[in-house]
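Engineer: Sequence:
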Amino acid sequence: MTVFKTAESPYQQNNTASNMCGFTLMNNQVGAIVAEVMATKDNVTVLPLPSMIRVDAVGRMDVVYAEIDEAAGEEEGWFNAAEFEESMSTHYGRMIHEDDRTIMFANPEDAAEYLDFDLVARS
1 MTVFKTAESP YQQNNTASNM CGFTLMNNQV GAIVAEVMAT KDNVTVLPLP
51 SMIRVDAVGR MDVVYAEIDE AAGEEEGWFN AAEFEESMST HYGRMIHEDD
101 RTIMFANPED AAEYLDFDLV ARS
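In full-length UniProt numbering, the protein residues as written are 1 to 123.
Just so you know, the hints here were simulated from the structure itself, not pulled from any lab data. The C-beta atom is built at its ideal place from N, Cα and C for all residues, glycine as well. Hints may be right or wrong, so weigh each one.
Label-pair distances were calculated between CB atoms; the ranges are [to be verified]:
id	residue 1	residue 2	range
1	42	112	34 to 40 Å
2	113	48	29 to 35 Å
3	75	109	21 to 27 Å
4	114	7	43 to 49 Å
5	71	99	15 to 21 Å
6	112	18	18 to 24 Å
Take these sequences, add in the hints, and give me the full structure.
Structural biologist: If you want it as C-alpha coordinates, here you go:
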(Lines of atoms letter the chains of each structure in order from A; the text may use other names.)
(Lines give C-alpha, C1' and ligand atoms only; values in the text may rest on other atoms or scores of the structure.)
Protein backbone atom coordinates (compact mmCIF):
# COMPACT_ATOMS: atom_id res chain seq x y z
CA MET A 1 0.00 0.00 0.00
CA THR A 2 1.31 3.46 -1.00
CA VAL A 3 1.01 6.24 1.53
CA PHE A 4 0.86 9.80 0.22
CA LYS A 5 1.83 12.81 2.23
CA THR A 6 -0.55 15.73 2.01
CA ALA A 7 0.98 19.13 1.58
CA GLU A 8 -0.62 22.34 2.73
CA SER A 9 -2.15 24.17 -0.21
CA PRO A 10 -0.67 27.57 -1.10
CA TYR A 11 -4.22 28.67 -1.96
CA GLN A 12 -6.38 29.99 0.82
CA GLN A 13 -10.08 30.65 0.98
CA ASN A 14 -11.17 34.15 1.90
CA ASN A 15 -14.87 35.00 2.06
CA THR A 16 -14.48 38.71 2.81
CA ALA A 17 -15.71 41.20 0.21
CA SER A 18 -12.90 42.36 -2.08
CA ASN A 19 -14.55 45.58 -3.32
CA MET A 20 -13.29 44.58 -6.78
CA CYS A 21 -14.95 44.10 -10.15
CA GLY A 22 -13.52 43.24 -13.52
CA PHE A 23 -13.52 41.32 -16.76
CA THR A 24 -11.25 39.42 -19.08
CA LEU A 25 -10.84 40.28 -22.75
CA MET A 26 -9.61 38.28 -25.68
CA ASN A 27 -6.01 39.20 -26.39
CA ASN A 28 -6.69 40.53 -29.89
CA GLN A 29 -6.80 43.93 -31.58
CA VAL A 30 -10.08 45.05 -30.00
CA GLY A 31 -9.16 43.70 -26.56
CA ALA A 32 -5.82 45.50 -26.69
CA ILE A 33 -7.53 48.83 -27.48
CA VAL A 34 -10.05 48.41 -24.66
CA ALA A 35 -7.24 47.47 -22.24
CA GLU A 36 -5.15 50.46 -23.35
CA VAL A 37 -8.04 52.85 -22.58
CA MET A 38 -8.91 51.17 -19.28
CA ALA A 39 -5.26 51.30 -18.13
CA THR A 40 -5.49 55.11 -18.08
CA LYS A 41 -8.07 55.04 -15.27
CA ASP A 42 -6.87 55.55 -11.69
CA ASN A 43 -8.62 52.62 -10.01
CA VAL A 44 -8.05 50.09 -12.82
CA THR A 45 -5.30 47.49 -13.16
CA VAL A 46 -4.63 45.78 -16.50
CA LEU A 47 -2.74 42.50 -16.70
CA PRO A 48 -1.89 41.23 -20.21
CA LEU A 49 -1.57 37.44 -20.38
CA PRO A 50 -0.75 35.23 -23.39
CA SER A 51 -4.35 34.38 -24.29
CA MET A 52 -6.35 37.06 -22.49
CA ILE A 53 -6.18 40.46 -20.85
CA ARG A 54 -7.43 40.83 -17.30
CA VAL A 55 -8.95 44.18 -16.28
CA ASP A 56 -9.72 44.71 -12.57
CA ALA A 57 -10.99 47.75 -10.68
CA VAL A 58 -11.68 48.88 -7.17
CA GLY A 59 -15.32 49.81 -6.54
CA ARG A 60 -16.62 50.88 -9.94
CA MET A 61 -15.36 51.01 -13.50
CA ASP A 62 -16.90 52.68 -16.55
CA VAL A 63 -16.11 51.43 -20.05
CA VAL A 64 -17.00 54.56 -22.04
CA TYR A 65 -17.67 53.61 -25.65
CA ALA A 66 -16.64 57.00 -27.11
CA GLU A 67 -13.19 56.63 -25.49
CA ILE A 68 -12.76 53.23 -27.18
CA ASP A 69 -13.96 54.65 -30.52
CA GLU A 70 -11.41 57.46 -30.30
CA ALA A 71 -8.52 55.14 -29.35
CA ALA A 72 -9.43 52.81 -32.23
CA GLY A 73 -9.62 55.68 -34.71
CA GLU A 74 -13.20 54.72 -35.52
CA GLU A 75 -16.20 56.96 -35.83
CA GLU A 76 -18.51 57.29 -32.85
CA GLY A 77 -20.85 54.35 -32.45
CA TRP A 78 -18.44 51.65 -33.61
CA PHE A 79 -17.82 50.31 -30.10
CA ASN A 80 -20.98 49.41 -28.20
CA ALA A 81 -22.33 46.87 -25.71
CA ALA A 82 -22.48 44.13 -28.36
CA GLU A 83 -18.86 44.71 -29.41
CA PHE A 84 -17.82 44.73 -25.74
CA GLU A 85 -19.66 41.46 -25.02
CA GLU A 86 -18.00 39.88 -28.06
CA SER A 87 -14.52 40.85 -26.83
CA MET A 88 -15.12 39.92 -23.20
CA SER A 89 -14.89 36.31 -22.09
CA THR A 90 -15.96 36.64 -18.44
CA HIS A 91 -16.66 39.20 -15.75
CA TYR A 92 -17.25 39.53 -12.05
CA GLY A 93 -19.29 42.15 -10.25
CA ARG A 94 -22.58 43.67 -11.35
CA MET A 95 -22.58 44.76 -15.00
CA ILE A 96 -24.92 47.46 -16.28
CA HIS A 97 -25.13 48.34 -19.99
CA GLU A 98 -26.10 51.93 -20.75
CA ASP A 99 -26.38 53.49 -24.22
CA ASP A 100 -22.96 55.15 -23.98
CA ARG A 101 -21.07 52.87 -21.57
CA THR A 102 -20.90 49.66 -19.58
CA ILE A 103 -20.56 50.12 -15.83
CA MET A 104 -19.10 47.48 -13.54
CA PHE A 105 -19.82 47.58 -9.80
CA ALA A 106 -18.04 45.63 -7.08
CA ASN A 107 -21.05 45.87 -4.78
CA PRO A 108 -24.50 45.00 -6.18
CA GLU A 109 -26.11 47.56 -3.89
CA ASP A 110 -24.24 50.33 -5.73
CA ALA A 111 -26.01 49.32 -8.94
CA ALA A 112 -29.50 49.47 -7.38
CA GLU A 113 -30.44 52.82 -8.94
CA TYR A 114 -29.60 51.51 -12.42
CA LEU A 115 -31.68 48.38 -11.86
CA ASP A 116 -34.69 50.28 -10.51
CA PHE A 117 -34.24 48.33 -7.31
CA ASP A 118 -35.34 49.81 -4.00
CA LEU A 119 -32.91 48.97 -1.17
CA VAL A 120 -35.39 50.06 1.49
CA ALA A 121 -37.61 47.19 2.57
CA ARG A 122 -41.23 47.91 1.82
CA SER A 123 -43.73 47.21 4.54
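Engineer: Confirm or reject each hint.
Structural biologist: Quick rundown of the hints versus the structure:
no.	hint	verdict
1	42 - 112: 34 to 40 Å	violated (24 Å)
2	113 - 48: 29 to 35 Å	holds (34 Å)
3	75 - 109: 21 to 27 Å	violated (37 Å)
4	114 - 7: 43 to 49 Å	holds (46 Å)
5	71 - 99: 15 to 21 Å	holds (19 Å)
6	112 - 18: 18 to 24 Å	holds (19 Å)
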